[in-house]
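Going down the list, the protein sequences come from chains H and F.
Heads up: the first sequence runs through residues 7 to 86, numbered per the working numbering.
Heads up: the second sequence runs through residues 7 to 86, numbered per the working numbering.
Possibly wrong hints are sitting among the right ones.
In silico contact screen, one side only, chain H against chain F (beta carbon under 7 Å); selected entries [to be verified]:
(1) Val30
(2) Phe37
(3) Asp38
(4) Val43
(5) Gln45
(6) Gly46
(7) Ile49
(8) Lys56
(9) Lys66
(10) Met68
(11) Glu70
(12) Leu72
(13) Ile78
Below are the DSS-like pairs computed for lysine-lysine, each with C-alpha atoms no more than 25 Å apart in a straight line [stated by the list, open to error]:
(14) H/Lys39 x F/Lys17
(15) H/Lys18 x F/Lys26
(16) F/Lys26 x H/Lys9
(17) H/Lys39 x F/Lys9
(18) F/Lys39 x H/Lys66
(19) F/Lys67 x H/Lys9
(20) H/Lys66 x F/Lys67
(21) F/Lys47 x H/Lys47
(22) F/Lys18 x H/Lys17
(23) H/Lys62 x F/Lys62
(24) H/Lys26 x F/Lys39
(25) H/Lys18 x F/Lys62
(26) H/Lys47 x F/Lys56
(27) F/Lys67 x H/Lys67
(28) F/Lys62 x H/Lys39
(29) H/Lys47 x F/Lys26
(30) F/Lys66 x F/Lys18
(31) F/Lys47 x H/Lys18
(32) H/Lys67 x F/Lys47
(33) H/Lys47 x F/Lys17
(34) H/Lys56 x F/Lys26
One side only, chain H facing chain F, incomplete, derived with CB under 10 Å [to be verified]:
(35) Ile14
(36) Pro23
(37) His58
None of these hints come from the bench; they were simulated from the model.
Just so you know, these numbers come straight off a predicted model, no measurement behind them.
The beta-carbon is built from N, C-alpha and C at its ideal position, and this holds for glycine as well.
Protein chains: 2
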Amino acid sequence: MIKVTVYITLKKDVLDPQGKAIHVALNNMGFDKINGVRQGKLIEIDLDAKDHDQAKEQVKKMSEQLLANPIIEDYSIELE
Amino acid sequence: MIKVTVYITLKKDVLDPQGKAIHVALNNMGFDKINGVRQGKLIEIDLDAKDHDQAKEQVKKMSEQLLANPIIEDYSIELE
């Protein structure tokens, strides 16, 4: 079994209201040295694959077909 | 400026309906070698700090006070 994590972040030019809300909240709590906050998500997948190459290939397909929205999001894949 | 990423995941014993929904969706798409899916989030923070130690200390406070819910979530901090 191979554990794979997909990190999904908004593309640089896409507005991120959730990140902005966190930024404002942190400012209000006294954390005033912050220049920017962006929120993304991560998805951990345990899968059976014969090797890391096959696992990565599978998770790349999952990312492109379901997990990430390629119009507005970037993703990266990390294998354990 | 230091870029810090906080990775927030549900604790192992906490139910994750979003992860479950992704698991079922992937199964329905033909990805049938999956043993489990868990969804978490990541928060990227650009902040001014005099060094990495100070940045980490600040972001640890942010995580405990706002970003993560310590009852049900774990977090880890990565500095760039």
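To see whether the hints hold, each was checked on the structure:
Below 7 Å, beta-carbon pairs count as interface contacts, and H/Val30 has none with chain F, the closest being about 11 Å; its hint is therefore violated. Given hint, H/Phe37 at the interface with chain F, holds; its Cβ is 6 Å from that chain's nearest Cβ, closer than 7 Å. Taking 7 Å as the C-beta cut-off, the interface hint given for H/Asp38 is violated, the closest approach to chain F being about 9 Å. Evaluation of the H/Val43 hint against chain F yields a held restraint, the C-beta minimum of about 5 Å falling below 7 Å.
Interface restraint check: H/Gln45 against chain F, minimum CB-CB distance 5 Å, threshold 7 Å, status holds. With a least beta-carbon distance of about 5 Å to chain F, the hint placing H/Gly46 at the interface is held under the 7 Å criterion. For H/Ile49, the shortest C-beta to C-beta distance to chain F is roughly 5 Å, which falls under 7 Å, so the interface hint holds. Interface restraint check for H/Lys56: the shortest CB-CB distance to chain F comes to about 10 Å, outside 7 Å, so the restraint is violated.
With its C-beta approaching chain F no nearer than about 12 Å, H/Lys66 sits outside the 7 Å limit, and its interface hint is violated. Below 7 Å, beta-carbon pairs count as interface contacts, and H/Met68 has one with chain F at about 6 Å; its hint therefore holds. Nearest Cβ of chain F to the Cβ of H/Glu70: about 11 Å, over the 7 Å cut. The hint is violated. For H/Leu72, the interface hint holds, since its Cβ comes within 7 Å of a Cβ in chain F; the closest pair sits about 6 Å apart.
Using the Cβ-Cβ criterion of 7 Å, the hint placing H/Ile78 at the interface with chain F is not satisfied: the shortest such distance is roughly 16 Å. Distance restraint check for H/Lys39 and F/Lys17: the Cα-Cα separation of roughly 30 Å exceeds the 25 Å cut-off, and the hinted pair is therefore not satisfied. Taken as a hint, the H/Lys18 and F/Lys26 pair is broken in the structure, with Cα atoms around 29 Å apart against an allowance of 25 Å. Taking the CA atoms of F/Lys26 and H/Lys9, the gap is near 16 Å; set against the 25 Å cutoff, the hint holds.
Under the criterion of a C-alpha separation no larger than 25 Å, the hint pairing H/Lys39 with F/Lys9 is consistent with the structure, at around 12 Å. The suggested pairing of F/Lys39 with H/Lys66 holds, with an alpha-carbon distance near 14 Å, which does not exceed 25 Å. Between F/Lys67 and H/Lys9, the direct Cα distance comes to roughly 29 Å. Violation of the 25 Å bound is thereby established for this hinted pair. Of the pairs offered as hints, the one joining H/Lys66 and F/Lys67 is violated, with about 35 Å between alpha carbons and a cut-off of 25 Å exceeded.
Pair hint F/Lys47 plus H/Lys47 holds up; C-alpha atoms about 4 Å apart against a cutoff of 25 Å. Proposed proximity of F/Lys18 and H/Lys17 is contradicted: the alpha carbons are some 30 Å apart, above 25 Å. For the given pair, H/Lys62 sits about 31 Å from F/Lys62 by alpha-carbon distance, which is inconsistent with the 25 Å threshold. About 38 Å separates the Cα atoms of H/Lys26 and F/Lys39, which puts this hinted pair outside 25 Å; it is violated.
For a cut-off of 25 Å, the pair hint linking H/Lys18 to F/Lys62 stands: about 24 Å separates their Cα positions. Pair hint H/Lys47 plus F/Lys56 does not hold up; C-alpha atoms about 28 Å apart against a cutoff of 25 Å. Simply put, F/Lys67 and H/Lys67 have alpha-carbon atoms about 37 Å apart, too far for the 25 Å limit, and the pair is violated. A threshold of 25 Å between alpha carbons decides the hint, and for F/Lys62 with H/Lys39 the separation of about 13 Å falls inside it, so the pair holds.
Distance hint between H/Lys47 and F/Lys26 is fulfilled; the C-alpha atoms sit about 15 Å from each other, no more than 25 Å. Our distance criterion of 25 Å between C-alpha atoms is met by F/Lys66 and F/Lys18, whose separation comes to about 21 Å. Between F/Lys47 and H/Lys18 the alpha-carbon distance is near 17 Å, which keeps this suggested pair within the 25 Å criterion. With a CA separation close to 21 Å, the supplied pair H/Lys67 and F/Lys47 stays within the 25 Å bound.
In summary, the hint linking H/Lys47 to F/Lys17 is supported, as the alpha carbons are separated by about 16 Å, within the 25 Å threshold. Only pairs whose Cα atoms come within 25 Å are accepted, and H/Lys56 paired with F/Lys26 is accepted, the gap being roughly 24 Å. Hint status for H/Ile14 relative to chain F: holds, with the closest Cβ pair at about 8 Å, below 10 Å. Interface restraint check for H/Pro23: the shortest CB-CB distance to chain F comes to about 14 Å, outside 10 Å, so the restraint is violated.
Because the closest C-beta pair between H/His58 and chain F is about 14 Å apart, greater than 10 Å, the hint is violated.
The earlier numbered hints that this structure contradicts are 1, 3, 8, 9, 11, 13, 14, 15, 19, 20, 22, 23, 24, 26, 27, 36, 37.
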